[in-house]
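Produce the complete structure using the sequences and hints provided.
With UniProt numbering applied, the sequence shown covers 1 to 532.
Derived by calculation from the structure, the hints in this document are not laboratory data. It is possible that some hints are incorrect.
Here are the simulated DSS-like cross-link-like pairs (lysine-lysine), alpha carbons at most 25 Å apart as the crow flies [unchecked claim]:
1. 129 to 77
2. 292 to 276
3. 318 to 276
4. 318 to 292
5. 342 to 318
6. 128 to 77
Ranges of calculated distance between the beta carbons of each label pair, as one might list FRET restraints [what the hints assert, rightly or not]:
7. 334 to 491: 30 to 38 Å
8. 492 to 250: 57 to 65 Å
9. 400 to 294: 26 to 34 Å
Fair warning: this is a prediction, and the values are worked out from it, not measured in the lab. Every residue, glycine too, gets a C-beta built ideally from N, C-alpha and C.
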Amino acid sequence: MTGPQQRVYDGYSALSRSAAGADDDALGSAAAEGQQQQGGQCRFDCPALMHNLARLADAAEAEIVRTDRQQREDRDKLASLRAETQRLQRGRRAVQLAELDSLIRLLDAYDSVANRGAGLPDVCDLAKKFLQSAPAAYRPLAAAMVTPAARRSLDGWQPLLEPGRGAACARLVREALAPANDSIDAILSESLLPQVRRALAQWSPRQPAEALALVQALRGQAPGIEDLINTVVKPALQRELQLWDPTRDPQPVHEWLQPWSAELALDAMHEQVLQKLGQCFGQWRPDDLSAKGVLTPWRGAVRPQLLAAFLQRHVLPKLIDCLSGMRIDPSGQPLEQWVWCKAWWDLLSPQQIASLLERGFFPGFHRALSAWLASPGVDMAQVAAWYAGWRDQLPPACLDLPGVQHQLGQALRLMDAAFSGQEPAAVVAAGAAAAAAAAATASSSSVAPQAQPATVVNYNHGLLGARDLLERRAQEHGIVFAPTGRRHHGKQVFNFGRLQICVERGVIYWLTEGQWHPVSLDDVMNRATMRQ
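And the structure:
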């Protein structure tokens, strides 16, 4: 209160002016009294101070106004936030009520489905909808819905006869509970796997198709299938293999063991099979080709080293004995023993075939060749054709092996000795030396060429050796020997005088009337000199 009467001011500036006016009146009265006392002169005048006081009053007034405005704004914002909070709470309650209403409807629907005994597909569809609409806290209830239906769907299920039924059940459960993966394996392990385990425990390993179809149908759908294969199927196969007797069992073992090769590591069982088969091969003879039928299914199934070791121990020695007893006769060749041995070539490795030929075939071949070359009036063209025929009988994979090349080179050197006109006794001696060398080479498993008798022309066997000999004869007789630039079966064609010849694996061929015929070196020389 600034006076005896109540006053209402619009602001602090009005109040300050009122106070200033009152002060001025008081000061004026005092000044007037002073003037009256001192002859009319004013002694107090501070305009700068009055200006500063006015500015301070204005600043204080502005701060008070700003604070008042901010307070009103904060009150409005607080009221707005309270209203928004109430609105959101009402909306949340509405959503929760809607979710609970949907949950209640789904549970009522499940009760209805369960009461009427609906199948697994209907329950899975309902569980899928439940997972899509129910709150996260209630989603584990979906697994509780599906588990009883999964059990009911597998009532009376025979896994070995109906593998697709279990796979369909597992697929429906996985599709329905896909967002809740943790519960899928638990449901299937509880409802499906026990029946699969019981079925495999009663299954006969000699009927692999049913169990294999069951395992393949459930792989990727049901958990624990790999564990069942290793703990139930594999021991059953091992027990059955222990009981298997190859001499009495009419069912081949590969029919019920090999189908599992894609599911199990069978190396240990393969060794056991070959061990039992090896015991049976003690009485086997090469003329019994049924033994090859027993081993053929294992080619590509067992490790190559394992099969090669079996053949090396049980088959190859008997084939060598069989081939060693074959009579090699150019005038009439019996081929039964050759056919028996040749039947095994698709199982033997090239090195094993080469060993068979070196030890069982080439000694007799060299003896027969030398005897024929030493006979009077021998037709060298027939000898060359006979040699080429036997060479063509050899498997191509063996022709490049050093041991076989050496043996063929021995035969070519015998033929060259006869071509050169050596005495029959020298040819026979060379043949005996070649046969002995073949036997020694085979027994020592060495592929180094043996030293040749002095009477035999010593040159590198094969194409280059025959070509060198032709070049030497051409130089001795002044015959033109030059390539024509053409090829026959990949071999270079040469002009030998007026003749056209080619050399293939040490055999000379002459082109006449559009046909290639084997010919001896002497015949080539005679024809070339006659046409000069």
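Structure-based check of all given hints:
no. : hint                   : result
1   : 129 to 77              : violated (43 Å)
2   : 292 to 276             : holds (15 Å)
3   : 318 to 276             : holds (18 Å)
4   : 318 to 292             : holds (13 Å)
5   : 342 to 318             : holds (13 Å)
6   : 128 to 77              : violated (45 Å)
7   : 334 to 491: 30 to 38 Å : holds (32 Å)
8   : 492 to 250: 57 to 65 Å : holds (59 Å)
9   : 400 to 294: 26 to 34 Å : holds (31 Å)
In this structure, the earlier hints numbered 1, 6 are contradicted, and the remaining ones agree with it.
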